[in-house]
Amino acid sequence: MKLKLKIWRQKNGADAGAMVDYDLDNVSPDMSFLEMLDTLNEKLILDGDDPVAFDHDCREGICGSCGVVINGEAHGPEQTTACQLHMRAFSDGEEIIIEPWRAAPFPVIKDLVVNRSAFDRIIGAGGYITAPTGSAPEGNSTRIPKPDADEAFANATCIGCGACVAACPNGSASLFVSAKVTHLNLLPQGQPERTTRVLDMVEQMDAEGFGGCTNTGMCTVSCPKEIPFVSIANLNKEYRRAVKSGRKA
Amino acid sequence: MVETLSKNPRVTGFATLHRSTIGRKMIMAVTGLIMLAFVVVHMVGNLKIFFGETEFNEYAAWLRTIGEPALHEAWYLWIQRAVLTVALVLHIWAAVTLSRHDVNARPVKYHAKRKGGYATSTMRWGGVTLLLFIIWHILDMTTGTVNPATSHEPYERITAGFDQWWNVAIYTLAMVALCLHIWHGLWSAANTLGWNRATTAGFRTFAVFVALVVGFGFLLVPYSVVFGLVD
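Chains as they are written, first to last, in the numbering used here: chain C, 142 to 390; chain Y, 30 to 260.
The hints are simulated quantities; they were obtained by calculation from the structure and are not laboratory data. Computed from a predicted structure; not experimentally measured. Positions of the beta carbon are idealized from the N, C-alpha and C atoms, including for glycine. One thing to keep in mind: the hints can contain errors.
To be verified - Reference excerpt, derived from the structure (chain C facing chain Y, CB under 10 angstroms, subset only):
#1 M142
#2 L146
#3 K147
#4 M160
#5 N281
#6 V306
#7 L328
#8 C354
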């Protein structure tokens with residue numbers, strides 16, 4: 142395959158950055174999207190150019206490190222991570238526009254790499270449970286209704302990649318926050334912080350500068366883990382419940 | 030707005046809901062539903078015009094007597110106007126501040142564009158269109174300032190107002206905006222208030238149904254004047 146690539150190049154956070162065109166030959170349809178970028182980088186290095194920086198780690202679709210906006214879609218045309226997207230999803234001679242996640246709370250570090258520490262601070266605000274450390278307790282000692290376990294698990298699959306923010310026209314982190322709140326608030330282990338969790342996480346989400354949800358649903362179609370859109374309704378329900386309870390801390 | 034929201038003290042109850050994005054969305058949802066309830070009743074009431082001039086004018090006159098004798102004449106109308114005005118102001122305030130916050134969250138746009146839902150993308154400009162229409166509509170049918178009718182009778186105002194083709198065009202455009210606004214707004218409100226359960230399909234369908242009923246219901250009147258069913 143031959144490709145015409147348009148890639149966002151930015152030296153660092155202070156640099157203005159610009160789109161740069163690259164022609165790439167000999168791309169195999171069986172390559173992953175990241176392997177295609179590796180191939181480009183090999184060429185750039187041999188030519189003495191600066192390789193394109195992009196985030197990646199497991200390349201198995203489970204870590205949440207990778208993620209670029211491909212032709213306007215977070216993680217590209219298939220509902221999976223960029224590392225699990227293959228070049229057969231594109232056609233020969235196609236122009237591919239590659240950009241970093243765009244959101245004020247996700248500043249560009251270099252090229253396609255953005256700083257997603259804002260997500261960590263949201264998790265730090267309430268995305269945890271208080272549990273004694275030590276050996277794992279007997280799994281069946283806490284009984285959880287099957288539908289709750291299923292819904293909690295579906296939401297727990299969120300890998301925090303940030304595609305929801307990238308895809309949202311408002312740069313909203315609602316799907317991410319809703320996945321964490323739904324996951325933890327459904328389970329018995331999450332009950333002690335049920336009220337403060339949602340208040341604190343939403344407060345942090347707003348403070349980071351993520352936009353609000355306008356229910357466009359763009360997040361859920363870009364989510365590689367298929368976090369359901371109703372999780373946002375559940376976040377709002379949990380928020381309403383927490384506000385009603387009037388607990389301050 | 031980003032700074033304002035981050036510096037706000039935390040939400041501690043319904044009185045402090047305005048401090049967060051979700052809280053503002055909830056204010057927008059509730060005020061929207063209040064206005065929607067009025068709009069539905071208004072649309073149904075308008076259909077009385079098909080029972081003739083006398084009955085329609087009597088219905089309009091009765092609206093001024095709601096709540097009597099406990100309330101003085103037209104007091105109910107003024108209470109309703111006050112409630113709707115407060116709802117409208119809060120709705121616009123929430124929309125403007127949230128929109129600014131949303132725009133600030135994406136300072137650098139994507140080179141490759143991707144399209145959102147049609148109704149969704151029209152919420153902001155559609156809302157501005159509706160605000161302008163409300164002003165026009167009050168000048169036209171409530172105060173009669175821009176209405177060619179010589180009497181204050183509601184029936185005559187309607188027939189005289191819709192005898193002007195361009196006025197029918199204005200109302201048509203506004204009702205399309207209203208239809209799209211309800212199309213997305215009603216189910217969006219349901220989501221914001223956390224009413225959606227396992228699926229969003231139920232409220233989506235309901236919203237589309239209400240949007241179409243309200244849009245067609247309102248447009249029946251001007252087009253009946255245009256086609257001579259009401260004169």
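Against the structure, the hints:
1. The restraint placing M142/C at the interface with chain Y is violated, with a minimum CB-CB distance near 19 angstroms, outside the 10 angstroms limit.
2. The interface hint given for L146/C is broken, as the beta carbon of that residue sits about 12 angstroms from the closest beta carbon of chain Y, more than 10 angstroms.
3. Checking K147/C against chain Y: minimum C-beta separation of about 7 angstroms stays under 10 angstroms; hint holds.
4. Taken as an interface hint, M160/C checks out: its beta carbon lies about 6 angstroms from the nearest beta carbon of chain Y, inside 10 angstroms.
5. At its closest, the beta carbon of N281/C sits 27 angstroms from a beta carbon of chain Y; the interface hint therefore is violated under the 10 angstroms criterion.
6. The interface hint given for V306/C holds, since its Cβ lies 8 angstroms from the closest Cβ of chain Y, which is under the 10 angstroms cut-off.
7. Proximity of L328/C to chain Y is violated relative to the hint, the smallest CB-CB distance being about 18 angstroms (cut-off 10 angstroms).
8. Because the beta carbon of C354/C sits about 7 angstroms from the nearest beta carbon in chain Y, less than 10 angstroms, this interface hint is met.
Hint check: violations occur at hints 1, 2, 5 and 7; the rest are consistent with the structure.
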